[in-house]
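Got chain C; can you put chain P on it based on the hints?
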Amino acid sequence: MKSNDTIIYVDDEAINLKLFSIMFHGIYEVLTFESPQMALEELKVCPEVKAVITDMKMPVMNGLQFVELAREINNTIPYFLLSGYGLTREINEALKNESLNGYFQKPFRKELIILELSKYI
Amino acid sequence: MKQRDELQVLRDNIVNKALSLGFIFGMISYIVTFIRCFTYGFDVAFGIITTVMVLFAMVVWRRKKLSLNLKVYFIMLFVLMAMVSGLMRFGYLVSSKAYIILIPIFVSFILEYRRALLLLIFYGGVYGIFGYGYVSGIIPSTVDANEYVLSANAWLMDLSIILLTALAILFVGNQFSQTLIEKLKIIRQKNKDLNDREKRFSVLFEHSLDAIIILKDGLYYEANQRALEMFGCDMDYLLGRSPKVTSPQYQPDGAISEVKARELIGKAMAGEPQLFEWQHTRADGQVFDASISLVAIKYDNKDFLQAVLQNITEKKKQQAELKRYRLHLENLVQQRTEELEAANEELTQSNTDLIHQRNELENTLLKLHKTQKKLIESEKMASVGVLTAGVAHEINNPLNFIQSGLYGLQSLNSDQYNDIEESEQVELRGEIIESMEEGVRRISDIVYSLNQFNRKSEDDYSSCSIHGIIDNCLKILAHKTKNRITVQKIYFKEALIVQGNEGELHQLFLNLLHNAIQAIPNEGTVQVKTTCNNKVEVEIMDSGEGIDNDVIGRIFEPFFTTKEAGSGVGLGLSIVYNIIKKHKGEVLVDSAKGNGAKFTVIIPINYVVENEKQ
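Quick mapping for you: the protein sequence lines, in order, are chains C and P.
Read in order, the letters of the first sequence are residues 1 to 121 in the numbering used here.
Read in order, the letters of the second sequence are residues 1 to 614 in the numbering used here.
In isolation and in its complexed conformation, chain C is listed as follows (with noise of 0.2 Å):
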């Protein structure tokens, strides 16, 4: 896995954002964004993106629309939730349905991570 892949990340929390990027500085190009509407923007102009980790809890839509209207966009990457919140029903509802390709709980552990996304990348 050395050729850095393309990762997506939205966070309305700019902290978020910055952190993430320092810790997977070297081992994925994360492209990060504070508004999902942006993030749906690159989605249609960058094909190479490999992987979406999302918030759930953000202004104007929350993570699952926002991966609802992301799979408009591209429907064969995996896409993940990022949450503060506990598994709620509709998380789990969207995991069974593979609409949400993995779910991971704020603090998260950086290795879960790689490990998950390695399954996609």
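Don't read these hints as lab results, they were simulated from the structure.
Careful: at least some of the hints might be erroneous.
Pairs of lysine to aspartate or glutamate residues, derived as EDC-like cross-links and limited to a Cα-Cα distance of at most 16 Å, are as follows [stated by the list, open to error]: (1) P/K267 to P/D303; (2) C/K57 to P/E523; (3) P/K298 to P/D217; (4) P/K529 to P/D590; (5) P/K317 to P/D289; (6) P/K482 to C/E34; (7) P/K482 to C/D12; (8) P/K489 to P/D471; (9) C/K119 to C/D5.
Same frame as chain C, but now just chain P:
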């Protein structure tokens, strides 16, 4: 006795007057005789007269002390002496013979008739003896009649004696006639009084309300009008007939009326007053009851019976009625007593049942209290539970800063950053540490806010900042409002400090704010406005769905909920209400379906001030 006394007094009076008067005239006669002695010489007769006059003076002087008879006899003696002395000297010519006329008139008033007659005969005898003496020449006539009748002395003597005699008669007559007139007046008055009394008694008799009947020898003798009315007859019907005629054959006790009447009359006549009830028949045959008092009276030396009758038929009827009523009442009382006793027994039984029920109720109440406590606790847990997820997120997020920061620091030290300049790495390290600090700060904040909720025991009061409490609640609820709901805070310019239970006030505002947030399905606004005007007023207004009109009156009721099952037991607003009441405040709600809701919490500042003073 009295009459005799009066007569005695009268006689005494007359005699005393006669003595006084006689003495005055006697003295005149004596002076005339004394003067005459100078002409005819002093003799035995003059000596006697002088002695008599001295005696006379003494008697007059002691007249009040002497007995009547003695005084009368003395007057007689004096008159006799005067007459004898005159006769001895002047014989037929003597003036004092006029006294003989005086004797019967005077003496008869005073003495008994026979004694007066005897005295008269005696006087006449004395006069006769002297007459015989002079006529037969035994007593020599020493006075020349022709000469004597021409002397002034003789005329004066005659005049004094005639006047004395006449005055005596006049006086005595007058005294007696006056006394008689006086007595007659008294007698007339007494007669009149007697008549009046008789009339009065007659009126009393006739107008008595009671019937009065007089019986003589056991027969009707007299009856008043009332009695006649009672028997319904006239006087002739009763007069001379026995009570048998006005009685039925038998009395109610079975006795034969005639026999019983005779017996009662006999007893009454014997001086034993009888009081009894009697059944009578009227002239028309109607029977009536009477109460009769029978008493013996003596009048004009004759024995009578007075019977006073009262018609008691009506009274008897009333008595019978009363007796009937009393019996009825006694029966009623008996009956009621029995009923009451029965009721009492029932009551005692019910009482036992009631005590039993009360005990059960007490137990139930105790259980209820326990359940209520559990429920309140579970409601607290529910509201806390509802928040936990959000709170977890609020903690997990900053925790993520720290975790991610640590990974970042590790990455900086690894091969990952071989391509980055050292100076850039230092900068990144600084940013990582800042982020981690931010995470720690946020966690501390949320933990502090959480701590406020159960910081104090239930009865603990302290100064609480309303703004601080609302801020804490909003912090805990931040995840609920974030990116969805605009929270507008319009705070009063000064800090609002009230004395209260901090934990409870947190619970209060958390509940209200949570409700406001929950009422907004998507996006909206929650406005929190505080003011102070003697009272602290907190308005929490949401742009949510509002409350139905038909449930708005019930929202503070315990266990009332419109939320889905599992969102709490419906005690949220009930707890709010109780907390506000405990703080002597009030809560107002203003809402309409579709127009949001406004809850206004008012906590009086006076109450606050009072507590601060304490």
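Okay, the hints, checked on the actual structure:
no. : hint             : in the structure
1   : P/K267 to P/D303 : holds (13 Å)
2   : C/K57 to P/E523  : holds (14 Å)
3   : P/K298 to P/D217 : holds (12 Å)
4   : P/K529 to P/D590 : holds (15 Å)
5   : P/K317 to P/D289 : holds (10 Å)
6   : P/K482 to C/E34  : holds (15 Å)
7   : P/K482 to C/D12  : holds (11 Å)
8   : P/K489 to P/D471 : holds (9 Å)
9   : C/K119 to C/D5   : holds (13 Å)
The structure meets every hint from the earlier list without exception.
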